[in-house]
Amino acid sequence: MSTLQKILNHRGLRVLFGPPGDLALARSSALGQGLLDFAPAMIATGAWALVTAVATVKIGIGLAHALAMSALVYAGSAQLAALPLIAAGAPVWLILVTASIVNLRFVIFSAGLLPYFRDLGLGKRLLLGYLTSDLGYLLAVRRWGDAAPGPQDRTSRTWYFLGLALGNWLAWQSMSVLGIVLADRVPDRWGLDFVGILALITIVVPSITDMPSVAGALVAACVAIVAQALPLKLAVLVAVVAGVAAAIVIENARARTGAGA
Amino acid sequence: MSELGLDLAIAGLVLVTLATRSFFLVIGHRVKLPLSVQQGLRYAPVCALVALVVPQLVLGGPAMHLTVANPRVGAALVAGALMLWRRDMLTAMSGGMAVFIALRLIA
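Chains as they are written, first to last, in our numbering: chain W, 1 to 261; chain B, 262 to 368.
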């Protein structure tokens, strides 16, 4: 029995990975690979968690509410959009509508993830959905590559995605707690939000590798700037739709001329 | 905002996270997307991150500011270029940060 299999025999891990054997080995190594691949992105998630946590405390909701919000809502951009509304005492429905619109890009992501996870039970699909992050999805797509999405390799894909999600979750939760506790001692001039932006740039750049992704990124950037004028924070959604459409158009054109083959 | 209002808002926000992120994973079995769209969705996270980051770079101030003398734009361009060249996150981030600090001192 190998060392890894001995470790997998531990009671806690049996609950997670199932009885020791080839399946448990495949699950745990895919989870570990996901965690490892997410490690560099933890800087980005951590910086955003810190910024979000500090902003949450600074609008003056108490410690318990700030902790509950960061731990459970688990959505940086939606929380940052909701905070000024909460501070202004806006009605709850308006806060929820605004957060929903900021989160609409995840509805699009969920359509992209469906082909990989459609055979899983409802509970597992809900869990993987809840744990989906921008960075986790980006890195999953990078690993899965151009292969047609489908039910093949379901075990390794599911557990790899879970590993990425776990990396994001750990970075978010730890830095949120730190940010909430240290909120009063983190000055704005540190430019923490800019550290987060730089980290995101270094993660996105390696994904822009071919003509469709270049076109998608350029169109998304331009549309996002122009669409800032739209109400209700619709800019990101419109930019994603336009960017994906541009990428598909280029991809199809290249397939027709044979350039993409 | 009242305590109860805050409780309600936070509970609602948790449901919003769950509902948006698992939307098609839960109801998608009835929807059949064309293959090209299904394949095209792998570009969605790149587009989303670009759409989240770029406006924060160029609209950081009161007005749109697209020149390299904008510390954020200059630093972002340097970080992106370094990442393309060296493929190393730490190099790219420290280079970007150095340019950011330098440009802010000059400005």
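I should point out that these hints are in silico values taken from the structure, not numbers from a laboratory. Being a predicted model, the structure only gives us computed values, none of them experimental. Be a bit skeptical, because a hint or two may be false.
Calculated pairs, DSBU-like style, for lysine-lysine (alpha carbon to alpha carbon, straight line, at most 35 angstroms) [unchecked claim]:
| # | chain 1 | residue 1 | chain 2 | residue 2 |
| --- | --- | --- | --- | --- |
| 1 | B | 293 | W | 233 |
| 2 | W | 124 | B | 293 |
| 3 | W | 233 | W | 124 |
| 4 | W | 6 | W | 233 |
| 5 | W | 124 | W | 6 |
Derived Cβ-Cβ restraints for the label pairs, each shown as a range [as the list claims (entries may be wrong)]:
| # | chain 1 | residue 1 | chain 2 | residue 2 | range |
| --- | --- | --- | --- | --- | --- |
| 6 | B | 365 | W | 15 | 45 to 53 angstroms |
| 7 | W | 187 | B | 294 | 26 to 34 angstroms |
| 8 | B | 365 | W | 142 | 29 to 37 angstroms |
Covered stretches of chain W, as calculated for chain B (at least 3 residues, CB under 8 angstroms) [to be verified]:
| # | region |
| --- | --- |
| 9 | 16-29 |
| 10 | 154-168 |
Built from N, CA and C at the ideal position, the CB exists for glycine as well.
Hint compliance check: list the failing hint numbers for this structure, sorted ascending.
4, 7, 9, 10
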